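Residue numbers (numbering that gives the first Met the number 0), protein chains in the order written: chain F, 0 to 96; chain P, 0 to 311.
Note that these hints are calculated values from the structure, not bench results. You may find that some hints are simply not true.
[What the hints assert, rightly or not] Sample of chain F residues lacking proximity to chain P, with all beta carbon distances greater than 10 Å (derived): (1) Lys5; (2) Phe17; (3) Arg31; (4) Ile84.
[What the hints assert, rightly or not] Okay, derived cross-link-like pairs now, SDA-like style, lysine to any residue, Cα gap no bigger than 25 Å in a straight line: (5) P:Lys82 to P:Val71; (6) P:Lys199 to F:Ala68; (7) P:Lys83 to F:Leu71; (8) F:Lys32 to P:Glu161; (9) P:Lys162 to F:Lys6; (10) P:Lys168 to F:Arg31; (11) P:Lys168 to F:Leu23; (12) P:Lys165 to F:Lys9; (13) P:Lys127 to P:Gly52; (14) P:Lys82 to P:Glu72; (15) P:Lys162 to F:Pro55; (16) P:Lys97 to F:Asp39; (17) P:Lys162 to F:Phe35; (18) P:Lys165 to F:Arg31; (19) P:Lys83 to F:Ile50; (20) P:Lys199 to F:Leu43; (21) P:Lys83 to F:Leu63.
[What the hints assert, rightly or not] Label-pair distances were calculated between CB atoms; the ranges are: (22) P:Ala90 to F:Arg26: 35 to 41 Å; (23) P:Arg277 to F:Pro53: 36 to 42 Å; (24) F:Pro53 to P:Asp297: 46 to 52 Å; (25) P:Gln99 to F:Gln19: 25 to 31 Å.
Just so it is clear, the structure is predicted and the values come from calculations on it, not from any experiment. For glycine and all other residues, C-beta sits at the position ideal for the given N, C-alpha and C.
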Amino acid sequence: MNRLLKKLKKGWELIALFHQGAFLDRRMAVVRKEAFDINDNLMLLLFGDFIGIPNPMSYYMLELLPLVADELAPWERRIQNRRFILAEKGAQYDFDT
Amino acid sequence: MKRFTFFGGKGGTGKTSCAASCSLSLAEQGVRTLVVSTDPAHSLADTFDRPIGYEPVLLRPNLWGLEIDAEVEAKKYTDSIMKKMLHLVSATIVDEIKRQIELAYLSPGAEEAAIFDKFIELMESAGKDYDAIVFDTAPTGHTLRLLTLPRVLGVWIDHLIEKRQKARKLMEVAARYDRALAEQIAQDPVIEVLTARRDKFSLAGKILTDTENTVFHFVLNPEKLAVLETGRAVDLLKKYGIPVGGMIVNKIIPAGAGTFLEKKRLSQEKYLREIRERFAEGPVIELPMLEEDVQGMDQLRIISEKMGALCS
Numbered sequence: 000m001n002r003l004l005k006k007l008k009k010g011w012e013l014i015a016l017f018h019q020g021a022f023l024d025r026r027m028a029v030v031r032k033e034a035f036d037i038n039d040n041l042m043l044l045l046f047g048d049f050i051g052i053p054n055p056m057s058y059y060m061l062e063l064l065p066l067v068a069d070e071l072a073p074w075e076r077r078i079q080n081r082r083f084i085l086a087e088k089g090a091q092y093d094f095d096t
Numbered sequence: 000m001k002r003f004t005f006f007g008g009k010g011g012t013g014k015t016s017c018a019a020s021c022s023l024s025l026a027e028q029g030v031r032t033l034v035v036s037t038d039p040a041h042s043l044a045d046t047f048d049r050p051i052g053y054e055p056v057l058l059r060p061n062l063w064g065l066e067i068d069a070e071v072e073a074k075k076y077t078d079s080i081m082k083k084m085l086h087l088v089s090a091t092i093v094d095e096i097k098r099q100i101e102l103a104y105l106s107p108g109a110e111e112a113a114i115f116d117k118f119i120e121l122m123e124s125a126g127k128d129y130d131a132i133v134f135d136t137a138p139t140g141h142t143l144r145l146l147t148l149p150r151v152l153g154v155w156i157d158h159l160i161e162k163r164q165k166a167r168k169l170m171e172v173a174a175r176y177d178r179a180l181a182e183q184i185a186q187d188p189v190i191e192v193l194t195a196r197r198d199k200f201s202l203a204g205k206i207l208t209d210t211e212n213t214v215f216h217f218v219l220n221p222e223k224l225a226v227l228e229t230g231r232a233v234d235l236l237k238k239y240g241i242p243v244g245g246m247i248v249n250k251i252i253p254a255g256a257g258t259f260l261e262k263k264r265l266s267q268e269k270y271l272r273e274i275r276e277r278f279a280e281g282p283v284i285e286l287p288m289l290e291e292d293v294q295g296m297d298q299l300r301i302i303s304e305k306m307g308a309l310c311s
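Chain P on its own, in the form it takes in the complex (with noise of 0.2 Å):
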């Protein structure tokens, strides 16, 4: 077993649905599971056929599901701001920042960033509330970003530091016959938190790259689009050092569908070869169409034994 299992790929491939399986398996093994959705649009709630909030909810023994909401977490995060705020700053001052932060939750980027943020928070949290976190995560694009992020931003936050470093260098060499100066850059909180953000980042990093407690599994459809677009974010993923696991076929139309689906069963039977072929290295694990929605713990189980290896 993993401590981190990631789904991710194209939109409408049934990122969810395996999510949701495998950790419904975990579940039914006895680990204590933690099933996060990071997708803005959720759709683990319905999955599930119940309603899931941003805060942690019993779905069955040893199954919790949570569903991260971005608005929630910028919310709680900017608070934290204020309430800090009122204990160093003037009154007057704090009306003027007030309207500043109030207006970063729009900047671009604020709501990845809080998605980010909560979901450092939760993979700290594994192996004390959770022994496994399953996270069924958003559509590629933004979910290779939120995994890039300490890496990218990492560089930016050193590059700070140094910065605020040399300044202060400076200011102790003026400071030298200046004793009210010297006290007042003796400690620096700004670098402080600076350094703090730093090491949350690096350890996210860490984390992520950790081959002996994560795996990203890819659910893809046997399409044109979707195997390009899984192979360029493999490659990605590997040229950050995350750990690539298997690959998850879904929605293979089975034989003797009818004579209008014939034609769409044999496109998708090369693109199945052209799979197995370029994903040789993991496993690759085959999903039939199946005639309804997958909804119920009933249809989940009946998946999840077919994933078998990857969720145990």
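Chain F with its partners taken away, still in its complex shape (with noise of 0.2 Å):
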């Protein structure tokens, strides 16, 4: 009995796994990815005069400095390399499924 239980377990777990990597996945990534894109907005709303766009709070902004320290050389890098925002925005939906 007590072994009938463990492999239903483990079959169960194996579903779950293989339904995350077949369906799952893809959508969270398109959920990350829109995240990832809100918070780099607004990294530009919070440190825009780092590349140059006046900010009204620039001096008040200086406080979460440290707290975002690690983000921000990645964020600028991606920042400054936007070139294509179309196909950026595009491969968001999966034209190619």
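Need the complex rebuilt from these two chains, each delivered in its own frame; the hints are there to steer you.
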């Protein structure tokens, strides 16, 4: 009885894992991309003056610097290399599947 | 007695003298009073005829003076950020960001923001160390910007918080099957810092619009430009809900001042009438032009007697 229960449990875990890999990951990647995009835009509002966009309260934003310092360099790279906005947006919708 | 008394108006009208005599009269009534200059070009020390710095100085029994130094306040602020940074960030990034922080003081609005921070700090301290604070403000434009900052920036920061929360919510959805990510986003210090900042602004806004405890007096001269500018400033303060108190009309030429000044006196009379009509809501106090500059306690006392009800 116990062994059967264990086997059933193991089987269920495998099904769940397959389900995640086959259906969820792709969807979640889209959501995650959207979240990162919003965050990038927020960074632009917070620290736009780093790349030449004036900010009415850049002085107050300094106190956020220690918290986001690690994100800053990759963000600057991403935001400055945005050459194909359309392609970037298009990639969010799976035209290829 | 109001807890916060502001004196504002056009440059050179006598704001500092009025603020100084007002604070003196409060102190002599036994009220622990702090007189603060928010004008980057300070003249409080000249009026009291003794040095005043960015830390409160005891001028007389019950009377302290302070001149806000934007540079010192900004330095304190950036130093505290640097200290926090050293705990949180690796050394290579610190160097990069140090430069950004040093540059930030040069950005437009930084000086204002630094003064505003000190301003909030002082207002929060009222009731503990001091019973009343008298502010000698900078000429109209600068001060109006300072006083309306909380409303404007409050809206802006609300927007930022909203955006961050939206991003977080999406992350939470994405992290439903990813425990490591879920833990990482469970607490968000960015939102905490933004919220603390917003609370500070809304506190300042609350204090500034509190008719019980706050009043803004205007000092003006009976001249065309001063009347017009004051009229505009009063309208703006009303729009933002900051209580306007009295009008102190300064430098009125007394009758019999000589033929050269007689014509000037007549034109002043015209503007005086206009001021009395236009600003009839609050008290209008009239101060004569004096033979000498206002300096030292005795002369301040003479002015404060004339201001009477405004500072008691």
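Hints and how they fare:
1. Lys5: Given that every Cβ of chain P is farther than 10 Å from that of lysine 5 (chain F), nearest at about 23 Å, it holds.
2. Phe17: 13 Å, holds
3. Arg31: 4 Å, violated
4. Ile84: At roughly 19 Å from the nearest Cβ of chain P, isoleucine 84 (chain F) sits farther out than 10 Å, so the non-interface label holds.
5. P:Lys82 to P:Val71: Judged against 25 Å, a Cα distance of about 17 Å means the pair holds.
6. P:Lys199 to F:Ala68: Distance ~24 Å between lysine 199 (chain P) and alanine 68 (chain F) Cα, so the pair holds.
7. P:Lys83 to F:Leu71: Measuring from Cα to Cα gives roughly 17 Å; hence the hint holds.
8. F:Lys32 to P:Glu161: 18 Å, holds
9. P:Lys162 to F:Lys6: Cα-Cα ~46 Å, so violated.
10. P:Lys168 to F:Arg31: 10 Å, holds
11. P:Lys168 to F:Leu23: With a Cα-Cα distance of about 17 Å, the restraint between lysine 168 (chain P) and leucine 23 (chain F) holds, given a limit of 25 Å.
12. P:Lys165 to F:Lys9: Violated. Lysine 165 (chain P) to lysine 9 (chain F) sits at ~37 Å, over the 25 Å cutoff.
13. P:Lys127 to P:Gly52: 21 Å, holds
14. P:Lys82 to P:Glu72: At roughly 16 Å apart (the allowed maximum being 25 Å), glutamate 72 (chain P) and lysine 82 (chain P) satisfy the hint.
15. P:Lys162 to F:Pro55: Between lysine 162 (chain P) and proline 55 (chain F) the Cα gap is close to 17 Å, so the pair holds against 25 Å.
16. P:Lys97 to F:Asp39: Between lysine 97 (chain P) and aspartate 39 (chain F) the Cα gap is close to 22 Å, so the pair holds against 25 Å.
17. P:Lys162 to F:Phe35: 11 Å, holds
18. P:Lys165 to F:Arg31: 12 Å, holds
19. P:Lys83 to F:Ile50: Between lysine 83 (chain P) and isoleucine 50 (chain F) the Cα gap is close to 24 Å, so the pair holds against 25 Å.
20. P:Lys199 to F:Leu43: 23 Å, holds
21. P:Lys83 to F:Leu63: 10 Å, holds
22. P:Ala90 to F:Arg26: 35 to 41 Å: 40 Å, holds
23. P:Arg277 to F:Pro53: 36 to 42 Å: 38 Å, holds
24. F:Pro53 to P:Asp297: 46 to 52 Å: 50 Å, holds
25. P:Gln99 to F:Gln19: 25 to 31 Å: For glutamine 99 (chain P) and glutamine 19 (chain F) the Cβ distance comes to about 41 Å; the hint is violated.
Going down the numbered hints, you'll see the structure goes against 3, 9, 12 and 25, while the others check out.
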